[in-house]
Structure formats: structure tokens, C-alpha cells
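Top to bottom, those sequences are chains A and B.
Here the working numbering is used: position 560 in the first sequence is 560, and no number is missing along the way.
Offset between the second sequence (1-based) and the working numbering: plus 563.
Just so you know, the hints here were simulated from the structure itself, not pulled from any lab data.
Model, not experiment: these values are computed from the prediction.
Among the hints, erroneous ones may be present.
Stated by the list, open to error - In silico SDA-like cross-links for lysine to any residue, where the CA-CA straight-line distance does not exceed 20 angstroms:
1. B/Lys616 x B/Pro639
2. B/Lys643 x A/Pro133
3. B/Lys610 x A/Glu132
4. B/Lys640 x A/Asp129
5. A/Lys489 x B/Asp668
6. B/Lys610 x A/Val521
7. B/Lys610 x A/Phe556
8. A/Lys489 x B/Glu664
9. B/Lys610 x A/Asp130
10. B/Lys610 x A/Leu126
11. A/Lys489 x B/Leu637
12. A/Lys489 x B/Asp665
13. B/Lys610 x A/Asp129
14. B/Lys640 x A/Asp130
The residues making up each chain are set out below.
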Amino acid sequence: MNVVKKVTPADSDKSTAEDAKSWQANYDKMIGQDRTTRNRSGVAIEPLYYPENDPEGDYAQKLGFPGDGPTTRGIYPTMHRGRTWTQRQLIGLGRPEDFNERIKNILRSGASALSIIPCNSVYRGLDCDDVEPELLGTCGTVINSEEDMDISLRDIPIDEISIGLNDPSPFTMLAQMLVVAERRGIPWTKVTGTSNQSDYISHFVANHMFYRLSLPGARRVLLDTMTYCAEHVPNWNGLSVVGQHMQQAGATPAQAMGLTLSTAIQYAKDCQERGMDPDKFLQRFTFFFDISVSFFEEVAKFRAGRRIWNNLCKERFGATDPKAMRFKFHGQTSGCDLTRQQPLNNIARVTVQAMAGIFGGLQSLHTDGYDEVLSTPSEDSAKIAISTQNILKHEAHLVDVIDPLGGSYYVESLTDAMEEEILNVIAQIDAEGGMYKAVESGFVQQMIGASALEFQDQVDSGEQIVVGVNAYQEEEDAASRPVLERPAKEDMEAQIARLTKNKTDRDQAAFEKAMKNLREVAQSEDGNIFGAEIDAVRAGASQGEIIALLREELGFGQPLVVA
Amino acid sequence: MNEVLTTPARVLVTKIGLDGHDRGSRIIAAFLRDAGMEVIYTNPWQKIDAVVKLAMEEDVDVVGISSLATDHLLVPKLMKALAEADLAHIRVVVGGIVPDEDEADLIASGVSKVFHPGAGREEIVETVDALAKAAAKDRPLD
Chain A
1 MNVVKKVTPA DSDKSTAEDA KSWQANYDKM IGQDRTTRNR SGVAIEPLYY PENDPEGDYA
61 QKLGFPGDGP TTRGIYPTMH RGRTWTQRQL IGLGRPEDFN ERIKNILRSG ASALSIIPCN
121 SVYRGLDCDD VEPELLGTCG TVINSEEDMD ISLRDIPIDE ISIGLNDPSP FTMLAQMLVV
181 AERRGIPWTK VTGTSNQSDY ISHFVANHMF YRLSLPGARR VLLDTMTYCA EHVPNWNGLS
241 VVGQHMQQAG ATPAQAMGLT LSTAIQYAKD CQERGMDPDK FLQRFTFFFD ISVSFFEEVA
301 KFRAGRRIWN NLCKERFGAT DPKAMRFKFH GQTSGCDLTR QQPLNNIARV TVQAMAGIFG
361 GLQSLHTDGY DEVLSTPSED SAKIAISTQN ILKHEAHLVD VIDPLGGSYY VESLTDAMEE
421 EILNVIAQID AEGGMYKAVE SGFVQQMIGA SALEFQDQVD SGEQIVVGVN AYQEEEDAAS
481 RPVLERPAKE DMEAQIARLT KNKTDRDQAA FEKAMKNLRE VAQSEDGNIF GAEIDAVRAG
541 ASQGEIIALL REELGFGQPL VVA
Chain B
564 MNEVLTTPAR VLVTKIGLDG HDRGSRIIAA FLRDAGMEVI YTNPWQKIDA VVKLAMEEDV
624 DVVGISSLAT DHLLVPKLMK ALAEADLAHI RVVVGGIVPD EDEADLIASG VSKVFHPGAG
684 REEIVETVDA LAKAAAKDRP LD
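Construct all of the structure, not just a fragment, from the sequences and the given hints.
Encoded structure:
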């Protein structure tokens with residue numbers, strides 16, 4: 001279909017020339033100073049390759065030009081030829097001081113945004129004085145208070161850098177960060193970034209790590225937060241719809257995409273019911289996907305997903321602004337593909353995964369450290385992960401041409417086939433009454449569980465080869481494996497002491513008043529919970545205290561389906 | 564004695580600590596159940612006391628702990644709590660992401676076996692079955 005043909009006068013009206021001209025104009029406007037791109041053999045590399053003729057109208061309908069039409073080839077006219085992607089490494093370890101030191105190193109080595117991963121105790125909504133001390137800070141940073149957040153972001157220009165918070169409902173980290181910005185005199189309009197782990201539905205489906213509130217409670221807090229941010233923090237992406245958990249839990253790539261889009265459909269409906277304008281709120285939707293090592297399947301998954309979302313925005317929600325139809329996504333290379341055996345092989349796996357995400361047209365990328373399967377990534381492995389991205393950009397020249405795989409017989413055929421599979425999943429969820437209901441009933445969890453077992457059986461039977469695991473095994477010396485970093489006991493004791501001091505030193509009357517107000521807002525139907533939460537943080541409330549209170553009022557999250 | 568050996572193995576599959584990644588524990592529960600064992604499965608985030616209580620009430624032979632994010636550091640506490648409850652005959656296995664340097668500590672605390680990523684279905688089923696038989700033999704007579 002996508003073969004370059006000579007334009008003949010007879011079908012010149014079927015030429016793509018007009019669309020190409022319009023794309024070129026947008027490209028020129030957006031690119032600024034284009035790079036001169038010639039390969040070492042002297043061949044000039046154009047930013048985009050496309051057919052000159054489109055006799056059946058297939059190209060316009062299914063692919064179109066980047067930044068236009070179905071956006072299969074990318075959401076911006078310039079894509080990676082212009083601005084590449086955000087290099088966002090997720091890190092978190094130890095105390096806020098440790099995080100701060102490490103993030104500054106990572107920024108120096110080329111990362112262009114930061115992301116904060118809190119300790120599992122924070123995910124569970126517990127303060128550090130409330131959990132088994134040996135677990136503190138082993139998987140993420142212990143951030144309980146505004147002071148902890150302030151230390152984590154010391155010397156970081158939070159008005160200039162995009163910040164990803166791994167911050168599930170009720171978004172206490174965002175509240176802390178906004179209060180830090182306020183104290184530093186930074187207007188909230190300058191704060192940019194994303195609430196990762198804001199997709200509470202995904203937590204009930206697959207990653208039970210992150211929920212803290214009941215399903216209906218989380219639903220309300222998300223909508224309150226999105227409403228609040230639309231008004232006060234307009235450049236904050238309050239919603240990141242997560243496909244990653246589902247794929248990590250065993251969903252196939254097509255299922256993961258279908259379920260993610262169904263989740264986004266649910267949130268969009270909820271926002272519309274709140275009276276929000278789709279042309280506005282859809283601009284703040286972002287997506288977060290797993291990138292597995294199954295290269296072409298992943299490329300096709302992203303291209304098909306982008307096409308479907310573009311259509312959905314128009315057809316289901318009546319969006320008219322092209323900005324509202326953009327399928328902006330962050331990709332993370334899949335930790336599930338990494339092996340403990342011969343761990344350095346993981347660098348090769350991560351490279352292929354990253355390439356699939358880049359050819360899939362992502363906006364932001366996290367590459368895993370090769371030792372992630374052994375422990376929280378070491379500093380060295382995190383640096384290799386960033387270098388991998390830089391090598392793909394600058395040495396492999398993957399960013400010179402937009403959608404370089406577009407037009408490949410295989411890739412286009414696979415994109416169409418994946419689209420069909422994905423639409424089939426969306427139809428199944430529609431038939432269940434939408435994603436919220438399909439998760440409440442356990443339908444989705446069962447679908448994913450079955451796929452997980454099927455894949456495991458393929459690995460066990462050898463049908464799916466995993467190098468070093470069920471083939472090409474080698475005797476290994478365990479002592480050669482990297483040494484772990486774990487926080488020192490004294491450091492965590494100091495952390496607990498700091499929180500205790502925070503709790504003792506604060507103005508207790510102001511704290512009580514803010515907590516009472518938060519409770520009343522949570523009990524009432526109206527009033528904005530997130531706004532009340534920010535007031536509580538200002539008054540010195542810790543995340544554990546806020547979450548405990550909201551759990552009392554809105555219900556505690558529990559898995560909906562057991563085994 | 565023969566009667567004991569023909570009873571299906573009873574296995575508690577659970578997660579302690581803070582992590583909630585439960586793909587592994589669900590898959591293992593399904594494997595063991597498919598192999599004919601009686602599996603008691605719980606949600607993640609169990610407290611050690613709760614695991615001991617459940618192990619006693621359900622009269623299990625084996626406790627399987629899935630740990631992907633350092634929760635295995637609590638397993639020595641679990642071993643101690645089981646012993647204090649006179650449940651030392653129960654065999655404990657741990658599966659997931661357990662760094663080599665921690666494995667020795669777990670084994671020293673009395674854990675029977677640590678499964679790492681890549682452990683096959685057959686190996687897991689056979690090991691758990693053998694451990695269950697050993698536990699049944701060691702169970703104190705009422």
C-alpha cells in the first residue's frame with residue numbers, strides 16, 4: 001500500500017502532494033533550525049518518507065502525515081527529528097538526601113526530567129514510624145512530609161524541569177510539591193509534569209501495590225484533583241493512564257493496549273459527567289506503557305493504539321481540537337523480560353525494548369537498569385541505561401527519520417491486525433458496561449490471569465526461548481553479581497526522628513483545624529478533597545496522617561478478586 | 564503413616580511486608596493447585612502474626628512467601644514466630660527477587676528453599692511436594 005508511485009495526470013487528485021505540503025509547512029514552523037542529515041555514505045536523509053500517490057485513499061485514512069489525520073505516524077509534525085523524547089529515569093532510594101544527591105548525578109549524565117519513586121511504605125500510605133524498619137528505603141525514597149519533599153528537590157529548579165511523581169491517589173506527593181513550590185515563590189502555573197500512578201483502576205486490575213482507597217473513593221479523589229489542577233495547576237498532567245501494570249501482570253500487548261484505552265474511555269466519561277470540556281481535559285491525559293522485547297509486536301501496538309485513540313477522541317467524546325487527540329505516552333522497558341541469569345544480557349534486551357518504544361513514537365522513555373531483576377538498580381546500571389538511550393540517538397541515528405518503519409509491508413499489516421485485536425478487547429469491555437464495572441466484577445483480572453499462565457507455560461515448555469533461562473544456560477558464579485546498596489540503619493533512624501520532630505513541632509491547633517476540614521470535605525458530596533489536602537500539608541500533616549483519615553472516610557482499598 | 568502421605572499437601576501462598584506485585588504468587592498458587600495440592604492463598608501485605616495464625620488454623624505443611632521488593636528481609640522474623648508457635652515442622656519456601664547475599668541469611672534462618680526467577684513449574688511443584696511430605700512426617704502428634 002505504501003509504495004512510492006509516480007504521479008500521473010489521470011489520478012493527480014489522488015496525490016498526497018497537498019497533504020504533504022501542509023505537513024511540510026507545520027514541520028518547518030515547528031522544527032526551527034533543522035539538522036543537516038547525511039549518512040556517512042553521503043546520502044541525504046529526509047525527515048519523512050511517504051508515498052507520492054494514494055489511489056485508494058488508504059494512506060490518508062490509515063496513516064496520514066505525522067501530527068495530522070489518524071496520527072498513526074506520530075502526534076507531532078516533527079517527532080524525534082525535532083525534540084526527541086524526555087529521558088526520565090525512575091529512581092528512589094533511601095532518604096530524601098540520598099535521592100537528591102542521586103538525581104543531581106543523573107541529571108548531569110543527560111537525563112532531562114526527573115521522577116520520584118517513593119518507598120513501598122509510602123505506597124501503602126504509611127509513615128516511616130509505622131512500618132517494619134528493615135524495609136524502609138530499600139525500594140524507594142521515604143517521603144512523608146513537606147520537609148522530605150523539599151530536601152528531595154533541593155537545588156532542583158522545579159519551575160524548569162518536568163517532574164514525574166509516582167504518586168497514587170490521594171496524591172499527597174503532589175500536594176507536598178505544590179506547597180514546596182509555593183514556599184519557594186514559584187507560581188503553580190510553572191509547575192509541569194505528571195501524576196504517575198494516578199490511574200486507580202489499573203491498581204485494582206493488576207498492581208495492587210498502589211491503591212490506598214476504595215474504588216469509589218479513589219474515583220472521587222481523582223476527579224477532584226483533575227478539577228483542582230485544571231484551575232490552579234494548568235500545566236500539570238493529572239492523569240496518566242497506565243497499561244504497564246496490566247502487561248507486567250501478564251496481559252498480552254494487545255490486551256494491555258485495549259484495557260488501557262478502555263480505562264481512558266472510563267475516565268473521559270467520568271470527566272464529561274462532571275461537566276468538563278473534552279477539548280480541555282483530554283489534553284491533560286497521558287499514557288504509560290510497558291515495552292516488551294517482542295520488537296515488532298510492540299511497534300505495532302503503539303502505532304495501532306495511537307490511531308484508535310485519535311478516533312475515540314473524535315467519535316466518542318466529540319473532541320475537535322487536534323491537541324486533545326494526541327496520544328502522548330511514556331514507555332518503560334519491561335522488567336519482566338529481564339533475567340537473573342547472565343544479567344549483563346539484560347543490556348541487550350533493554351536496547352531492543354527501547355528501540356521498539358522509539359519506533360513506536362514515544363514522548364518519554366525510562367530504560368531499566370540491567371540489575372533490576374537482582375535489586376533496586378545500582379548507580380552504574382542506571383548510567384548504562386541512560387547511555388543506551390544516548391547511543392540509540394546519536395550513534396545509531398534512530399531519531400533522524402519520522403516513523404521509519406511506516407510503510408513496511410510487515411509493520412503496516414501487523415499494525416492493522418493489532419488494531420483489530422485491541423478493538424476486540426475494547427468491545428468486550430464495553431459489553432461488560434465499561435472498565436469500572438469490568439474491574440469490579442473481576443472480568444479483567446481473569447482475562448489477565450489466563451494470559452499470564454499461558455505465557456508461563458510457553459516458557460516452561462520451551463516454546464518461548466528465554467536466553468540463559470530455558471536455553472543457552474551457563475554455570476554462573478553468584479559472587480560476580482553486583483553488590484546491593486541498602487540504606488544504613490542509622491539513616492532510617494534519623495528519618496524517623498525527623499518525622500517525629502515534624503509532628504511535635506507543628507502548630508497543633510492549625511493542624512487539627514486543617515484535618516477537621518479535610519474530614520468534613522471528604523464526608524460531604526461537594527467540596528474539593530485535593531484542595532483540603534493541600535491545606536493539611538501546609539499545616540504540617542504527614543502523608544500517613546492524611547491517607548489514614550481519607551481511608552476512614554472513603555474506604556480502604558482491597559483486592560477485588562482473590563486468586 | 565501411609566494415610567498421612569496420601570493426603571494432599573496443604574500450602575499457604577502469601578506475601579508479607581509492603582509490596583503488592585502479586586503476579587508471581589498467583590501463578591504459583593495456580594501451579595500448585597493444578598498439581599493437586601490444597602492451596603490457601605491470601606492478599607499481599609500480611610502481617611507475620613496473621614501468617615502464623617493462618618498456617619496454624621489451616622494446618623498447612625508448607626508456607627510459600629513471594630517477595631519481589633525486599634520483603635524477604637522479614638522472613639527470619641517469620642521463622643522465629645513459627646518456631647515460637649510450635650510450628651517448626653512447617654517448611655517455608657521463598658520465591659522472587661532475592662539477592663544472593665540475602666539467600667544465605669534466609670537459609671540460615673531455617674528457610675528450606677529459595678526460588679529465583681526462571682525456576683520451572685516442575686521444579687517448584689516437586690520441591691514443594693517433597694517438603695510437604697517431610698513436614699507431614701515431622702508434624703507433632705496431637
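Quick rundown of the hints versus the structure:
1. Of the supplied pair hints, the one linking B/Lys616 and B/Pro639 holds, its CA atoms being roughly 17 angstroms apart against a limit of 20 angstroms.
2. Distance restraint check for B/Lys643 and A/Pro133: the Cα-Cα separation of roughly 17 angstroms lies within the 20 angstroms cut-off, and the hinted pair is therefore satisfied.
3. This hinted pair checks out: B/Lys610 and A/Glu132 have alpha carbons roughly 10 angstroms apart, not beyond 20 angstroms.
4. With a CA separation close to 19 angstroms, the supplied pair B/Lys640 and A/Asp129 stays within the 20 angstroms bound.
5. With a CA separation close to 18 angstroms, the supplied pair A/Lys489 and B/Asp668 stays within the 20 angstroms bound.
6. Restraint check for B/Lys610 and A/Val521: not satisfied, since their Cα atoms lie roughly 32 angstroms apart, outside the 20 angstroms limit.
7. For the proposed pair B/Lys610 and A/Phe556, the alpha carbon gap of about 17 angstroms is at most 20 angstroms, so the pair holds.
8. As the CA atoms of A/Lys489 and B/Glu664 are separated by approximately 18 angstroms, the hinted pair is consistent with the 20 angstroms bound.
9. In summary, the hint linking B/Lys610 to A/Asp130 is supported, as the alpha carbons are separated by about 13 angstroms, within the 20 angstroms threshold.
10. Our distance criterion of 20 angstroms between C-alpha atoms is met by B/Lys610 and A/Leu126, whose separation comes to about 14 angstroms.
11. For the proposed pair A/Lys489 and B/Leu637, the alpha carbon gap of about 15 angstroms is at most 20 angstroms, so the pair holds.
12. The suggested pairing of A/Lys489 with B/Asp665 holds, with an alpha-carbon distance near 16 angstroms, which does not exceed 20 angstroms.
13. For the hint pairing B/Lys610 with A/Asp129, the CA-to-CA distance comes to about 16 angstroms; that is within 20 angstroms, so the pair holds.
14. Restraint check: the Cα-Cα separation between B/Lys640 and A/Asp130 comes to about 17 angstroms, which is no more than 20 angstroms; the hinted pair holds.
Taken one by one, the earlier hints fail for this structure only at number 6.
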